[in-house]
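Engineer: Same order as they appear, the protein sequences are chains A and B. Residue numbers for the first sequence follow our numbering, so the first one is 1 and each next one is one higher. Residue numbers for the second sequence follow our numbering, so the first one is 499 and each next one is one higher.
Don't take each hint at face value.
Mimicking DSSO-like on lysine-lysine, the simulated pairs with C-alpha atoms at most 27 Å apart in a straight line are [unchecked claim]:
#: 1; chain 1: A; residue 1: K244; chain 2: A; residue 2: K226
#: 2; chain 1: A; residue 1: K231; chain 2: A; residue 2: K210
#: 3; chain 1: A; residue 1: K288; chain 2: A; residue 2: K244
#: 4; chain 1: A; residue 1: K480; chain 2: A; residue 2: K396
#: 5; chain 1: A; residue 1: K231; chain 2: B; residue 2: K525
#: 6; chain 1: B; residue 1: K606; chain 2: B; residue 2: K525
#: 7; chain 1: A; residue 1: K210; chain 2: B; residue 2: K606
#: 8; chain 1: A; residue 1: K210; chain 2: B; residue 2: K525
#: 9; chain 1: A; residue 1: K471; chain 2: A; residue 2: K307
#: 10; chain 1: A; residue 1: K262; chain 2: A; residue 2: K307
#: 11; chain 1: B; residue 1: K606; chain 2: A; residue 2: K231
#: 12; chain 1: A; residue 1: K117; chain 2: A; residue 2: K471
Keep in mind that the hints were calculated from the coordinates and are not lab data.
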Amino acid sequence: MTSSKSHVPQDAEDQSLFTAFTTYMGFIVLFFFGHLRDTFGKLTGRSRFRDELLVKHVDEAPLLDPQGGAFYVRRLKHRMQDCFFRPISSRPGAWIDVMEQRVDDNGVRMETTGETKRCLNLGSYNYLGFADDWDSTCGEQVHAALKIYGPASCSAQGDAGAMSVHRELEEVVANFVGKPAAVVFNMGYNTNQLTLPAIAQAGSLLISDKLNHTSIVNGCRASGAKVMAFKHNMADDLERVVRKAIIEGRGKPGEVYRPWTKIIVVVEGIYSMEGEVCDLRAIVDVAKKYKCYTYVDEAHSIGALGKTGRGICEHAGVHPDEIDILMGTFTKSFGGMGGYIAGSQELIDYLRGASAGLLYSASLSPVVAEQVLRAFQIIQGEDGTTVGRDRLRAIKDNANYFRTKLKQMGCSVLGDDDSPIVPMMLFHSTKIAAFSREALDRDLAVVVVGAPAVPIYGGRVRFCISAAHTKEDLRMALKKISEITKVLNLRYTRSIFG
Amino acid sequence: MFKNMAWSQPPNEDDHYINKNVNWVGKRFYVFYVFVIFVGAYLANVVLGTTVLNSFQVWTLVHVIHGIINFTVMHYVTGVPADLDNDEFHELSWWEQLDDGVAWTPMKRNLMIIPVVLFLVVAYFTEYDPMYLALNLCVLALVLLPKMPQFYRVRLNSSASFDEDDPTHPHSS
Numbered sequence: 001m002t003s004s005k006s007h008v009p010q011d012a013e014d015q016s017l018f019t020a021f022t023t024y025m026g027f028i029v030l031f032f033f034g035h036l037r038d039t040f041g042k043l044t045g046r047s048r049f050r051d052e053l054l055v056k057h058v059d060e061a062p063l064l065d066p067q068g069g070a071f072y073v074r075r076l077k078h079r080m081q082d083c084f085f086r087p088i089s090s091r092p093g094a095w096i097d098v099m100e101q102r103v104d105d106n107g108v109r110m111e112t113t114g115e116t117k118r119c120l121n122l123g124s125y126n127y128l129g130f131a132d133d134w135d136s137t138c139g140e141q142v143h144a145a146l147k148i149y150g151p152a153s154c155s156a157q158g159d160a161g162a163m164s165v166h167r168e169l170e171e172v173v174a175n176f177v178g179k180p181a182a183v184v185f186n187m188g189y190n191t192n193q194l195t196l197p198a199i200a201q202a203g204s205l206l207i208s209d210k211l212n213h214t215s216i217v218n219g220c221r222a223s224g225a226k227v228m229a230f231k232h233n234m235a236d237d238l239e240r241v242v243r244k245a246i247i248e249g250r251g252k253p254g255e256v257y258r259p260w261t262k263i264i265v266v267v268e269g270i271y272s273m274e275g276e277v278c279d280l281r282a283i284v285d286v287a288k289k290y291k292c293y294t295y296v297d298e299a300h301s302i303g304a305l306g307k308t309g310r311g312i313c314e315h316a317g318v319h320p321d322e323i324d325i326l327m328g329t330f331t332k333s334f335g336g337m338g339g340y341i342a343g344s345q346e347l348i349d350y351l352r353g354a355s356a357g358l359l360y361s362a363s364l365s366p367v368v369a370e371q372v373l374r375a376f377q378i379i380q381g382e383d384g385t386t387v388g389r390d391r392l393r394a395i396k397d398n399a400n401y402f403r404t405k406l407k408q409m410g411c412s413v414l415g416d417d418d419s420p421i422v423p424m425m426l427f428h429s430t431k432i433a434a435f436s437r438e439a440l441d442r443d444l445a446v447v448v449v450g451a452p453a454v455p456i457y458g459g460r461v462r463f464c465i466s467a468a469h470t471k472e473d474l475r476m477a478l479k480k481i482s483e484i485t486k487v488l489n490l491r492y493t494r495s496i497f498g
Numbered sequence: 499m500f501k502n503m504a505w506s507q508p509p510n511e512d513d514h515y516i517n518k519n520v521n522w523v524g525k526r527f528y529v530f531y532v533f534v535i536f537v538g539a540y541l542a543n544v545v546l547g548t549t550v551l552n553s554f555q556v557w558t559l560v561h562v563i564h565g566i567i568n569f570t571v572m573h574y575v576t577g578v579p580a581d582l583d584n585d586e587f588h589e590l591s592w593w594e595q596l597d598d599g600v601a602w603t604p605m606k607r608n609l610m611i612i613p614v615v616l617f618l619v620v621a622y623f624t625e626y627d628p629m630y631l632a633l634n635l636c637v638l639a640l641v642l643l644p645k646m647p648q649f650y651r652v653r654l655n656s657s658a659s660f661d662e663d664d665p666t667h668p669h670s671s
């Protein structure tokens with residue numbers, strides 16, 4: 001419990017006792033009233049969740065898992081349903097049209113009214129601003145590609161869907177990240193989900209950061225390999241886990257010692273819920289010391305970190321040769337869709353025949369591939385303009401400016417400098433809903449995050465800064481956020497009461 | 499009898515999939531727990547102690563209410579409130595979900611100590627009057643026995659569950 005200016009509450013371990021107490025009280029009240037209403041509903045049958053609460057005798061097993069029947073969804077999530085799933089009706093540029101919704105029946109039903117609201121977009125991953133002026137930067141090439149290739153590839157890469165534009169894109173990606181070869185997938189999530197099972201099997205060990213993305217977690221699970229986690233971003237804990245794994249081997253204590261067939265360490269470049277940059281140098285040193293392979297997911301860092309946008313390797317000063325598998329997505333900085341894996345030529349050749357994403361899933365749409373290609377050209381300055389360089393500088397400046405000003409306000413801001421993701425801690429689950437609604441009232445479109453994506457005491461709002469935001473936009477946003485923090489008591493570094 | 503005992507190797511901290519229903523308990527929670535008990539006792543004393551009940555009864559009332567809430571929240575209700583990873587916790591009470599069912603972990607020991615200390619405090623303030631002592635001892639037994647590892651997965655006739663009316667889940671018998 002502290003009120004000194006230098007101490008920034010980062011997560012549950014750092015929040016003041018007052019905040020912890022009020023968070024627990026908030027949950028107790030919510031749970032108590034939720035149970036009260038459930039019990040009332042069960043006893044009297046008068047509840048809008050009548051179908052889920054009353055016991056039914058059914059003749060056949062139900063098809064759908066009752067997601068909506070979970071207590072959490074019924075009594076907690078529905079209360080703030082209007083803060084999620086907000087439809088938009090424009091490009092996700094620096095400004096965005098949010099469709100207004102009317103909430104019926106206390107959150108159970110939501111209907112769009114048909115009106116839209118022009119808001120400042122602080123939620124989209126539009127890091128380099130390609131969504132805003134797409135027509136002038138990429139439009140021409142993409143329209144030309146649409147005429148040549150059509151909108152779809154109609155086949156998997158392994159069958160008849162490997163197009164010349166894919167090959168071009170793969171070469172460009174490989175050159176950009178500094179690896180001999182690369183391969184392109186049609187969906188960023190699937191890149192992780194379908195590559196990890198190809199490179200790790202039963203008998204291997206995958207050591208992934210505790211806060212890795214769901215796609216990595218699911219890919220690890222699907223692979224059949226043993227999965228262990230190390231404390232977020234701590235190279236010492238990684239060393240402890242690696243040593244323990246190598247010493248104990250695959251079997252249980254008492255059995256014959258069986259070594260792991262391989263050990264792969266999986267980390268991310270920027271962690272999207274914390275805005276933190278990976279401690280890549282230390283982690284790679286540990287991995288090399290024990291001869292483990294490294295897999296870095298650069299979904300948020302490629303195109304956003306580093307002087308020329310080459311991602312975490314450039315930012316951390318690690319040579320790409322030291323990392324075995326580099327993965328990234330085109331969704332964030334390149335204004336497209338899809339993902340890539342970059343590595344040695346033999347790895348890529350192997351993946352082409354082993355990864356389900358390349359054999360059974362349709363390949364990336366050629367139109368999107370052309371868009372990404374064009375984005376790479378702009379970033380590298382090959383289109384003859386300085387647009388790429390300006391944007392790379394703008395995103396860093398904007399992110400640092402925004403972050404510094406928020407910290408000066410006294411808010412509890414996570415993440416490292418230069419990272420375009422700026423999460424601000426709210427802690428209470430009730431403040432999550434309040435912040436989202438207050439922001440929308442003031443024409444700010446923000447993304448708030450609550451359990452289960454983050455711990456239950458770690459509610460936060462996650463700002464995504466873009467190169468397309470002007471200083472004026474950010475200044476205006478900061479003024480409005482300042483008002484909101486006064487209303488909601490969010491200045492945790494200034495006072496223990498927020 | 500030994501089949502149900504859950505003292506196997508310590509919970510694997512490296513395991514990636516942690517039950518979010520229970521992994522938030524920490525030092526702050528214990529402080530909060532004790533704080534709430536104190537506040538409750540003070541309020542009960544102010545509101546009821548000076549008007550309706552005498553001092554012994556107020557303390558016993560606090561102890562009994564604490565016991566009821568403790569038992570209901572930690573041992574009666576089963577399952578997890580949200581549709582998390584899988585259904586493996588559907589039949590387990592909150593206490594049984596702690597630390598993957600391993601007994602005598604620090605967290606569990608702390609949560610056992612608090613009711614015992616509360617009992618001792620209440621016994622002291624009721625001046626060991628036999629009637630109140632007997633009642634409080636029963637409540638202590640109600641709170642402490644389900645926390646013993648021998649009572650892992652032992653059930654009364656019925657138990658509530660967060661998702662008990664879900665037709666896909668068989669009711670526990």
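Engineer: All the hints need checking, so say for each whether the structure fits it.
Structural biologist: Now the hints, each set against the structure:
1. A:K244 - A:K226: Holds - the C-alpha atoms of K226 of chain A and K244 of chain A are around 14 Å apart, at most 27 Å.
2. A:K231 - A:K210: holds, 6 Å
3. A:K288 - A:K244: holds, 16 Å
4. A:K480 - A:K396: Holds, at roughly 22 Å.
5. A:K231 - B:K525: holds, 19 Å
6. B:K606 - B:K525: holds, 12 Å
7. A:K210 - B:K606: holds, 24 Å
8. A:K210 - B:K525: holds, 21 Å
9. A:K471 - A:K307: holds, 21 Å
10. A:K262 - A:K307: violated, 34 Å
11. B:K606 - A:K231: holds, 23 Å
12. A:K117 - A:K471: holds, 22 Å
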